[in-house]
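Novice: Using the hints, position chain P against chain V.
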Amino acid sequence: MKYENLPWLILFLPLLSVAVITLFTLRSKTVSSLISIGAVVTGFVMTLLFINANGFQFSGETSANWLSIGGLQIDFGLKLDALSMMMLLVVTGVGGAIHIYSFGYMHDDESMARFFAFLSLFTFSMLGIVLANNFLMMFIFWELVGVSSYLLIGFWFEKPSAGDAAKKAFVTNRLGDFGFLFGILMVWGLLGSLSFSALQTTLAANPALLGASATLAGLLIFCGAMGKSAQFPLHVWLPDAMEGPTPVSALIHAATMVAAGVYMLCRTLFLFNSESLHLISYIGGFTALLAALMAVQQNDIKRIIAYSTLSQLGYMVMTVGLNGPTPAMFHLTTHAFFKALLFLSAGSVIVGMHHEQDIWQMGNLRKKMPITFLTFTIGTLALCGVPPFSGFYSKDAILTQALAQKSYLLFGVGVFVAALTTFYTFRLFFIVFFGKEKSKAASHAHESPLVMTLPLIALAVFSFAGGFIGITNNYGSQFVNHHEALSMAQQFTEPFNNLFPMACGLGAVAVGLFLAYSLYNNAAADPLPTKLGGLATLMKNKFYFDEFYEATFIRAHDFLAAVADWLDRWILEGAIIGAIRGGTDLSGRALRLAQTGNLQTYAFLFVLGVALLLYFVLGK
Amino acid sequence: MSILTYIAGWPLLAALALVVVPRNYRVIIRAIAVLATLISAVLAVKMFAQFVPGANGFQFEQQIPWVESLGISYHVGVDGLNVGLILMGAIVAFAAALCSWEIQTREKEFYILLLLMTGGILGAFASLDLFFFYFLHELALVPTFIMIGVWGRGEKKNYATFQITLYLSIGALIALIGLIALYLQSGANTFDIPKIIEHAKTNPLSLNAQNFIFPLLLFGFGILVSLWPFHSWAPLGYGVAPSPTAMLHAGVLKKFGLYGLIRIALPLLPQATQSWAHVIAWLCVGNILYVGWVAMRQKDLNLLIGNSSVAHMGFIFLGIASLNLIGVTGAVLIMVAHGFLAALTFALSGYIYKQTGTLQISELGGLCRKLPFIGTALLMAAMAGCGLPGFANFVGEATVFFGSWKAFPTVTVIALWGALVIGGIYMTRAIRNILHGPLPEKWNSLVDASNVWRKLPYALLIVSLLVFGFIPKLLTEKINPDAQKIVALATGNLVSATAPGASPLNFVAQNK
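Protein sequences appear in the order of chains V and P.
Take the first sequence: its position 388, counted from the start at 1, is 388 in the numbering used here, and no numbers get skipped.
Take the second sequence: its position 284, counted from the start at 1, is 284 in the numbering used here, and no numbers get skipped.
The hints are simulated quantities; they were obtained by calculation from the structure and are not laboratory data.
The structure presented is a predicted model; accordingly, all values stated were derived computationally and were not measured.
Here are the computed lysine-lysine pairs in the BS3-like style, where the Cα-Cα straight-line distance is at most 27 Å:
hint	chain 1	residue 1	chain 2	residue 2
1	P	Lys370	V	Lys159
2	P	Lys370	P	Lys299
3	V	Lys436	V	Lys531
4	P	Lys299	V	Lys159
5	V	Lys438	V	Lys367
6	P	Lys442	V	Lys159
7	P	Lys406	P	Lys485
Partial list, derived from the structure: chain P residues whose beta carbon lies under 10 Å from chain V:
hint	residue
8	Pro235
9	Val291
10	Gln298
11	Gly403
12	Lys406
13	Thr412
14	Ile425
15	Tyr426
16	Thr428
17	Asn433
18	Pro438
19	Pro472
Backbone N, C-alpha and C fix where the C-beta goes; we use that ideal spot for every residue, glycine too.
This is chain V alone, in the form it adopts within the complex (with noise of 0.2 Å):
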């Protein structure tokens, strides 16, 4: 491996920013969002200066023992293969770019400090998680990307809704973590290993060492990735998540940290057997399909960003559920350019709307804010499929990997998510950027400053251009044997080797953004609700689940902790303590009998007890 130490390099730097933040510079905004942004950006340059050394076919690891104690062999180390390589990249670049822009974006804020060691600790954790060699690291830095998520959901802590929200975040993920760990130790019960190399090697071996356990080891390492990636029915938490600033959403809940569920997914995908990726797939598909339902009755544009976040990730589960690691990959490469672009944008339209969300006080804002508006147009389109923005080639790519599949329901589900997809983004495009101005806020609109519309020119080029620049040649060299790099042109056509699919989503796009149009186009208010009736309040309403999930988990829990604190006070405390006082208070009674101040009584009891004393003295 050349470069050995630059890996190291890449993952401590935004660790030693957060120390240097913490410790000397909190008092300096401007010197901490330096010292920030230079760590992650400096790792975008060492990534490619790694990459290019290396080339994206090398795969190797390095590693320093961490933790060894008798058959837990534990190491501290990195795995170098085309899979992290793009992943670093992704995480260093496109984080680089959100935190360039954050420095416009939060630069009013008294705590912009706290905001940029928090931001660096998510980039070292999320770099921690791409890296890791082993289960036991991988979790590691799983839990250390959830305290970062949970700082960051809570940054403005003031607001009740932004605690609740991170809690809700910390709590959910937990939830997953705890099958997630539980299926580490199955695994490393069953292997003895924890190293991923270790382990596939084992099982390439001897495929049946895992047993009757496989499909519920499977399932259970499945449950990180549906905390982290919030799949049904663990995925509360994310639209909550939006209370965090919205460089924040864009980063850790578009960009990155939702899809490191997906990311792990594919690093393990030695370990599932085909009933746990039956399952998973099926997970996939239904949490795309439910929030893309969701998606289209919110009214608050960073939630519809997030719900159609929801449904992509759902999308990318399917994939790897379907076998197909190179498309939900690529998807998740593509998705964090065009996802952290789309939320970028929105922030840029918060900004501008002076911190106004609500999608129907905006309008016309195309006249007042060019670039986003162009940006944002970008984004939709990538996002929704359009040829040739790069959302097209993966989302096209997943299509046709569930019908090579043979999976014609989950190609259903896709084709339908595709539509529903168009028609709720480009709702919210009709409303935001055209039709009438809905408030004063939107006639006085601005643009953003320079700092935060370059990131986003830069995320729109690759939002454009992702589709056809070799992103799958690196990731197939990983998951296909002999796999054949294609040339951009043969990239560009790609899509038209399988015209079905192909086919099929350019409908479902058509038929949305139809809808999307005629409903949507200079509307002054929502007409779906009166169409729908019964069902968009339950869309609006999330089908209740948070609702459903208080009743049920947190209700059992505060209940089961009453019954425990009631036992714990009147039975354990009140019945030892008792008995103990009780037997005390017994036994002096009754000695207090025998102390009676009577002269006779104690002359009487010292005869008997010499008669006693003469008794076992003599008498034997």
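Specialist: Just chain P now, with coordinates in the frame of chain V:
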């Protein structure tokens, strides 16, 4: 003279010196106490650094015969099991002395008692002689009762003092009976622990004797460690205790019972240990799950962290019950980690109490705005408490889970739920209600810890947690060889105790 004698001796000597210092020399009294604990902490760091992992036998050993007819001698020494505990104890004691500025009545007596506690418990951990082991623990324990009774706070003070005294005295008494029985039954005619163990290798205790003594030690020590269902003294006692006392007791003193089980019961009573292991494992569920639920319900910050601390004891017992190298190593790791953590949380709650005069969670809120340093520290403590990687507690808990997985899979899964989910719920709830949210107007006048001396104890404890969380090898490479010996004795397996999954690993190695 062994460095251990100095580590435990300086605080005791300082206690003696304080007796003659006039009570109105407050600054001098405080300076002496801080200095003595600082010296002992520095010496402990030095000792920890000089410790050679895996060296045969005990290090820094010193033995002075005392009552030869009974076989009592002053015998101190460290191996991997207590080297970390002594380091932790000395650092916590220094932090506790620093935090004692909150005591403003009868300082002289308070500092004398604090130093007695410190010297006593450090001495007990260093002792390799049953008599001194027990005696020095009592020397540390009795001041606890007085401190809670005199300097305690709140309405429940008297009841709590009564309960904690009753419980811990009975626990200590039961353990004493067990230790005396052990002395008599071992037939070695010595109080010297290494000699008894050596003797037992050739003349093991009879099964009857083991079955009689083990429960006495388990429940005697168990009461001292708040093993479920004998835990109710702990949250209540810590709830009213002045924070330096709670720091030292919950952090350091409480580990005595666990240390005693590992050091004495496991190697000397192997058959009884094995037959009781599953009972211990299921009692852990009481600690982890049941007390976890109780913690969820608490409305007072100190009761919450007190219960959470009881819940953490469950992980340690689980590690011990798994009776393998990984589990026992993990147990010792958590003992050290929890010591720092418990001290940190009680120190922080003490600061908040001093500022606000209440620990009722509903009264607090939004404190992060006015107390950024204390708030951040509390956030870190809460995260460490629910097992966040980066802090030493995570390493310990994860290690215990790996250790107990093969022996008790069901209990392990329950423990996972307790650690990840229940711990996560009550800790984030506490943060939400104490640190997050709008700041009530009445707390606008709160003052954050601003000068270096005020910040030092918290920083010191956090740094300790982080150091061992990032580089657990510092501890595990020391614990490992000696835990191996204990496990070998406890399982009667004198060959190295193999861990689950060791064979497939070899298999992989062969295939490469």
